[in-house]
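Novice: Sequence:
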Amino acid sequence: MGIITLIAVAASGLMAGLFFAFSTAVMPGLADLPAEQARDVMRRINVRIQNPLFLLVFLGTAVLCGIEVFQGRIVGGLHYIVGCFVLTMAVNVPMNNRLERADDAYWPEYLRKWTLWNHVRAVACLASTVTLLLGF
Numbered sequence: 144m145g146i147i148t149l150i151a152v153a154a155s156g157l158m159a160g161l162f163f164a165f166s167t168a169v170m171p172g173l174a175d176l177p178a179e180q181a182r183d184v185m186r187r188i189n190v191r192i193q194n195p196l197f198l199l200v201f202l203g204t205a206v207l208c209g210i211e212v213f214q215g216r217i218v219g220g221l222h223y224i225v226g227c228f229v230l231t232m233a234v235n236v237p238m239n240n241r242l243e244r245a246d247d248a249y250w251p252e253y254l255r256k257w258t259l260w261n262h263v264r265a266v267a268c269l270a271s272t273v274t275l276l277l278g279f
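Position in the sequence shown (from 1) plus 143 gives the number in the working numbering.
Derived by calculation from the structure, the hints in this document are not laboratory data. Hints are supplied without guarantee of correctness; some may be wrong.
Pair ranges (Cβ atoms, derived) [said to hold, decoys possible]: (1) I150 - Q180: 24 to 32 Å; (2) I188 - G215: 14 to 22 Å; (3) L259 - Q214: 16 to 24 Å; (4) M144 - D247: 15 to 23 Å; (5) A164 - A233: 18 to 26 Å; (6) D246 - V225: 16 to 24 Å; (7) A248 - I147: 42 to 50 Å.
Just so we're clear, the structure is a prediction, and the values are computed from it rather than from any experiment. Ideal Cβ placement from N, Cα and C applies to all residues, glycine included.
Take these sequences, add in the hints, and give me the full structure.
Specialist: Shown next, in the form of structure tokens:
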């Protein structure tokens, strides 16, 4: 296994863990709060997660997985690129942007849909980790 693959495996595993933590702890914890409080906390999380370390891992893994695709590990690379990166940019980020402008009435829909798509991201990152390890 080359260094690029090793880093891609580790980074996609980190992302799987992050999304797993959101799905199993953060979002259920927010669901226990009143809508106004939960919405405000999630808004703050959305600001704080846009930090250099997170962006390095999130974006860097997409680049590494692109390299993996070109090196023949198509399945593993595409699991991350499509199931994590593209999905995040096409679904979760627009929902986060809408949450920033929305009132409390949007929170229940946001919580349900965002969490569902986050589950998909967690599974996609885990699938990327496993398939890259297996050389696919």
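Novice: Taking the earlier hints as the rules, which of them does this structure contradict?
Specialist: 1, 2, 3, 4, 6
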